[in-house]
Amino acid sequence: MRNSLLRDLLVILSCLVASWAVFIAVLLVTNVFFVSVILFLSVAVIYGLNRWEGVRASIVQAFRRRGRFALVCMIVIFLCLPFILRSSPYWILILTLAILWIIVALGINIQFGSAGIINLGAAAFYGVGAYTAGMLSTKLGSPPLLNLLLGAVMSMIVGSLLFIPLLKTKSHYLALVTIAFVMAFHNLLNNAEWLGGAQGIVGIPLMSVAGYSFTQEITIWGVKLPSQANFYYLALLLGGLLGAASWRLWNSWVGLTWNSLNEGTGDELSARCMGVAVGRWAMIAFTIGNFYAGLAGAFYSHMTSYIAPPDITFYQSLLFLSAVILGGIDSIPGVCLAAVLLVILPEKLRAFQQYWVIFFGIILVLMLILRRKGLIPVRIRNYMRDILPLAATRRTPEGPD
Amino acid sequence: MDTILNQIIHGMMLGVMYSLVAVGFTLFFGVLNLVQFAHGEIFMVGAFLGLIILNFLSSALGIENPVLLLIICFFGSSVLTALFGLFFGRITIRPIKDAPPVIALLTTLGAGLSIRYFVMAFYPSGSQPQRFPGYLPDWQVEVHGVLLRFDSLFILLGGILLILGTYLFINKTRMGIAMRAVAQDRETASMMGVNINRVIDTTFVVSGVLAACAGIFNGLYYRQVIFDMGAIYGVVGFSAAVIGGLGNILGAIVGGFLFALLASFTSAFIPGGSAYRFVTAFAFLILFLVLMPKGIVKASKGKREK
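In order, the protein sequence lines correspond to chains P and L. Per this note's numbering, residue -3 is the first one in the first sequence, and the count goes up by one each step. Per this note's numbering, residue 78 is the first one in the second sequence, and the count goes up by one each step.
Heads up, a few of these hints could be off.
Partial list, computed: chain P residues near chain L (C-beta under 7 Å) [said to hold, decoys possible]:
(1) Thr165
(2) Lys166
(3) Ala176
(4) Leu341
(5) Leu345
(6) Gln349
(7) Gln350
Think of the hints as simulated: they come from the structure by calculation, not from any bench. The beta-carbon is built from N, C-alpha and C at its ideal position, and this holds for glycine as well.
Bound conformation, chain P alone (with noise of 0.2 Å):
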């Protein structure tokens, strides 16, 4: 027993030890070829040892067993990124961006990837949130904190006006609807000059908690932290906070609602029969997805003082979503993974810019095509562990059929 304790532990460290290690590396290295040297290589390892099915057990034997522990140093990790990164302040911003995306990510993982709702208006709501904090601390100057909260409220109160086109349509009708939205949503703060217009909003007040100014640079332990890591672990808090909340309804029956209300999981049929209140379920779904995108938003525009129309397009929520889509439709750790990604690759391969989009396109079809699960595909909940050993199996976004 205490020897498999020490083993578990050493597989689980040395995993996360290497794993984080490649991707400050990704971060840091600047030569791009060195840069797609390092992907490559871990990619290889990955699927090798994947393959290989002695290693894949153990690991993840490790991981289930002392999943807490793995846990843990998660967190110490994420604590300890700006310290590790303190010589580049650029990188805790994009990390911090990169958590941003996170939770909108979790957000659209709610709605489209556990209740099955697309929504390619992401983006509009993740707008709702920026400008209305925004607009709040520059006309009455309200705390930056209270922005947050007040963002996301007025998301879920902008996304109730689509409850009715919710309830009353499906699959792609729902998304000419959502694109509408967030066309219409666009083309409406390129032209209301009382929004700022095509300038946008200029000079909102940068993130302060009760006086604390976020533009100063902390110093902890005698080692000096530039003034981005404020914004990094506020956002760490909240992202924590928010993946905890989306985490525990999707493993309880509420995430198991929501799938049997899913197309792709599930049967609206057989649910209704059930007695699951379909609609009720599915406006919780989208509202709570939205807030999720609003209080983003509202962190977004405290984070860089600004906020224009061209953040909040059609394009942007189809990136939103794709997060979805690539990580594994309704897989937690998937979505993250494809969300910090789809932030990181883009300022990785700046020198390619004009190239990016073509590139994410073709990313995105081969990814439809070939592994509609997505990066980590979605597991199936393993309810009552310590009972059932069940292995570890998978379940395709397609559903048992």
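Chain P is already provided as a structure; the job is to place chain L on it using the hints.
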């Protein structure tokens, strides 16, 4: 009164272009039962191919006769765009033709994005609007205060002829009947000896030709084309097809005209409305989907229920 008539003519002209794109959407939906969201990009590719052909003919070969130029331009761009659509359909649509509708929609969205930015990156200074040579005469006449421009009339007439041609093709030819059979029931049609893959290819060819002509019309009228013009046309065409009832050709045409008239009336009669014309149009669309999700034009008898 005169403004109303002028707006109606402008709206009709826009409506022809929207309808040509919407018919493409509706054909795809009928035959393949999926939303081909890259269709707006095929429209854009058609316009750019037309531009390339015109530039090549006038600068490299020195052809000056506008009638000859336009004929070659329409013909060449239609053929090339149809081939492009065929190729596109084979690599992206065939693998997903049995996937859930949302997956198909996202795949074509991604593919369309790639096409759009491919044009931006590889066409010389592609991120700027490209001047489209105006070969149509500037002739115009005023009848009782109504301004009739030659290019509007040309587009109106050409578009109506194209739509009529498509209608005849779908209803009178063997291939058209096969297409309608596949739209009704794919399995039964294949049991009756219809070659499904050929029907799919034909769908891409027909809609490619319509999109290419719409693209050239658009270039001739506005005198410029830009790489992201397909984005708005894609959404508008899809909306028009939905308003008319997806899978229904007549419905797509009605929807296209309705959408265009709505947009041009908003910009004419609501003060400051021209900036908000898409807000009203899309708000109308959402309202419409809620009230009449099956479209205006009732599906003709024998259509599958969906």
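Cross-check of the supplied hints:
1. Annotation: P:Thr165 was flagged as interfacial toward chain L, and the flag holds, the nearest CB pair being 6 Å apart, inside 7 Å.
2. The beta carbon of P:Lys166 comes no nearer than 9 Å to any beta carbon in chain L, farther than 7 Å, and the hint placing it at the interface is violated.
3. Interface hint at P:Ala176: satisfied, since its Cβ lies 4 Å from the closest Cβ of chain L, which is below the 7 Å cut-off.
4. The closest approach between the C-beta of P:Leu341 and any C-beta of chain L is roughly 15 Å, which is over the 7 Å cut-off, so the hint fails.
5. With 7 Å as the threshold, the beta carbon of P:Leu345 stays out of range of chain L, its nearest partner Cβ sitting at about 13 Å, so the hint is violated.
6. With a least beta-carbon distance of about 10 Å to chain L, the hint placing P:Gln349 at the interface is violated under the 7 Å criterion.
7. Annotation: P:Gln350 was flagged as interfacial toward chain L, and the flag holds, the nearest CB pair being 5 Å apart, inside 7 Å.
Checked against the numbered hints given earlier, this structure breaks hints 2, 4, 5 and 6; the rest are met.
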